[in-house]
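*Asks:* Read off the chains here:
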Amino acid sequence: MDKQLSHILEILEGDARAAPKDIASLTGMSVEDVSKKIEQLEKSGIIRKYKTIIDWDLVGESYVYAVIELKVILERKYGYEKIAERLYKFPEVRSVRLLSGGYDIALTVRGKSMKEVAFFVAEKIATLEQVQSTTTHFVLKTYKEDGVILHEPEHIKRLPVSP
Amino acid sequence: MRTPFDPSVFVADRLQNVPPSGIRRFFDLVSEIDDVISLGVGEPDFITPWHIRETCIHSIEHGETAYTSNYGLLELREEISWMYDRKHKVEYDPASEVLVTTGVSEALDIAIRAIVNPGDEVIVSQPSYVAYVPSVIFSGGIPVPLSTTVENKFKITPDELEDVITDKTKAIVFNYPNNPTGATMDRSDLEAIADIVVEHDLMVISDEVYECLTYNGDHTCFASLDGMRERTILLNGFSKAYAMTGFRLGYALGAPEIISSMMLIHQYTMLCAPVTAQIGAIEALRNGEAEMQKMVREYDRRRHLIVGGLNKIGLECFEPKGAFYAFPSIESTGLTSDEFSQRLLNEQKVAAVPGDAFGKSGEGFLRCAYAASQDDIRTALDRIGEFVDGLK
Ligand SMILES: Cc1ncc(COP(=O)(O)O)c(C=O)c1O
Chain A
1 MDKQLSHILE
11 ILEGDARAAP
21 KDIASLTGMS
31 VEDVSKKIEQ
41 LEKSGIIRKY
51 KTIIDWDLVG
61 ESYVYAVIEL
71 KVILERKYGY
81 EKIAERLYKF
91 PEVRSVRLLS
101 GGYDIALTVR
111 GKSMKEVAFF
121 VAEKIATLEQ
131 VQSTTTHFVL
141 KTYKEDGVIL
151 HEPEHIKRLP
161 VSP
Chain B
164 MRTPFDPSVF
174 VADRLQNVPP
184 SGIRRFFDLV
194 SEIDDVISLG
204 VGEPDFITPW
214 HIRETCIHSI
224 EHGETAYTSN
234 YGLLELREEI
244 SWMYDRKHKV
254 EYDPASEVLV
264 TTGVSEALDI
274 AIRAIVNPGD
284 EVIVSQPSYV
294 AYVPSVIFSG
304 GIPVPLSTTV
314 ENKFKITPDE
324 LEDVITDKTK
334 AIVFNYPNNP
344 TGATMDRSDL
354 EAIADIVVEH
364 DLMVISDEVY
374 ECLTYNGDHT
384 CFASLDGMRE
394 RTILLNGFSK
404 AYAMTGFRLG
414 YALGAPEIIS
424 SMMLIHQYTM
434 LCAPVTAQIG
444 AIEALRNGEA
454 EMQKMVREYD
464 RRRHLIVGGL
474 NKIGLECFEP
484 KGAFYAFPSI
494 ESTGLTSDEF
504 SQRLLNEQKV
514 AAVPGDAFGK
524 SGEGFLRCAY
534 AASQDDIRTA
544 LDRIGEFVDG
554 LK
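Line order of the protein sequences matches chains A and B. Quick note: the first sequence, position 57, residue 57 per the numbering used here, numbers continuous. Quick note: the second sequence, position 113, residue 276 per the numbering used here, numbers continuous.
If you are wondering where the hints come from, they were derived from the structure by calculation, not from laboratory data. The reader is advised that the hints may include incorrect statements.
What the hints assert, rightly or not - Taking CB as the label site, the calculated pair distances span: (1) B:Gly-226 with A:Arg-48: 42 to 50 Å; (2) A:Ser-44 with B:Asp-501: 51 to 59 Å; (3) B:Glu-510 with A:Glu-152: 27 to 35 Å.
Stated by the list, open to error - No more than 25 Å apart at the CA atoms, straight line, and that leaves these computed lysine-lysine pairs for DSS-like: (4) B:Lys-457 with A:Lys-49; (5) A:Lys-3 with B:Lys-457; (6) A:Lys-51 with B:Lys-457.
For glycine and all other residues, C-beta sits at the position ideal for the given N, C-alpha and C.
Sequences and hints are given; from them, build the entire structure.
*Replies:* What follows is the structure in structure tokens.
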């Protein structure tokens, strides 16, 4: 990967709102070149989406999250694609991952209450005919999300001047 | 009546000749003011990468708390030796040519003590790190400043070097990538210096502690030049590249005769470098490249930010190619470095070290360390801009 490209991606990964002007001043590139590069990155799908990480607990909107493990029965022709598609269409489902190991698919599901999540899983997920079994784990606390530590202790102080 | 006891008369004469530290004085000024944004810090603002800290914690849990070999853990010396072979094609025997020290600071001190006799002249390129001149004085040597200039991109030039060499010259100390200028020297620049070193039969102490922090092309290790391996005491460490300043770990590489002489002092004054830090250093060399490169890329972005910002303000700034310092000229303001720093501190609460703290040839410049967050750098630039505008 070329140097400028990795700079742009790292800057945007840390701050999705970094403007081309800011990126230009951090890389020595011209604003036009930065804008052009970003457009290419968006078109090619390398940049998928600009996202904000929100601590909903602090807003008072406390969502309940659960990790659901699924064992599924595969359909002959489609492999996992078909079931994955069924699952990711639900807005309650926040992520869908195919995994190796003891079970097949892991979902994260978001709801307003434990009851809502439990009913959603029982009614919508467990009843799918490819789904053999589900195990629901409620999330009690999130310490780190997408590489961001949510409640980091204060930083260590350095000397104000050193050689 | 008996005269009151005066402890100061017991202080050795040699210490009277050590000039007061410009940094120390400035530090005292800064400490008196709240909410200062500091560009005065000569150490990374990153915390040591977690995998290194975790390795150290694990070693303590397992009771690895004893003295090590005086030379340092063999495993660490081997890692260092492999790295030099791999990166710079210079071979050092881990058994006799590598000495692990308590920071580059200790390595510098014992390197000078190992080769300097009272009255020997040691050339110290300037502006440069503040420890070189005092270290020479501590061992009874005579420091001879060699001024580098912004016109020559703060590189040592062969002519200027020749000018300060006398028949008493024993060695030359330099540091590239450089603190405080951020200057680097290319292979061809260094080769010209190597020729003079051979011609005048000198030793070289090359402080390459910023070697990993270069932004335009790779660092040339001085010992990798033809004939320089035996003449060079190479100093390096973990403080800057791996954000490990408080661990206090460095090393010296050189000819067995020199390293064993340094070891003579080291074994009686230090015994060995701290074991936990040595274990962390092994981890840094084995698995630290990715995290280190990430920090280097972040420094590079801040470098663009600060150099661009300073030039926009009208403080002409030479392009630093290494370390984490920008060294703008403040001559256009008509102030001295000292006046500029003090007024900037008092009027805008931004701390940056006056260039003359790094030698006379630093006068007219300001050291702005960009080992600070982008937000702090932006705020500092705004305030510096306001200060400079106010002078017009
Ligand atoms: C050029 C130079 N050499 C040596 C040191 C000291 O390094 P250490 O922490 O390894 O003693 C510093 C620290 O600022 C430095 O800038």
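*Asks:* Are the hints correct? Go through all of them and say.
*Replies:* Tested hints:
no.: 1; hint: B:Gly-226 with A:Arg-48: 42 to 50 Å; result: holds, 48 Å
no.: 2; hint: A:Ser-44 with B:Asp-501: 51 to 59 Å; result: holds, 53 Å
no.: 3; hint: B:Glu-510 with A:Glu-152: 27 to 35 Å; result: holds, 34 Å
no.: 4; hint: B:Lys-457 with A:Lys-49; result: holds, 23 Å
no.: 5; hint: A:Lys-3 with B:Lys-457; result: holds, 12 Å
no.: 6; hint: A:Lys-51 with B:Lys-457; result: holds, 22 Å
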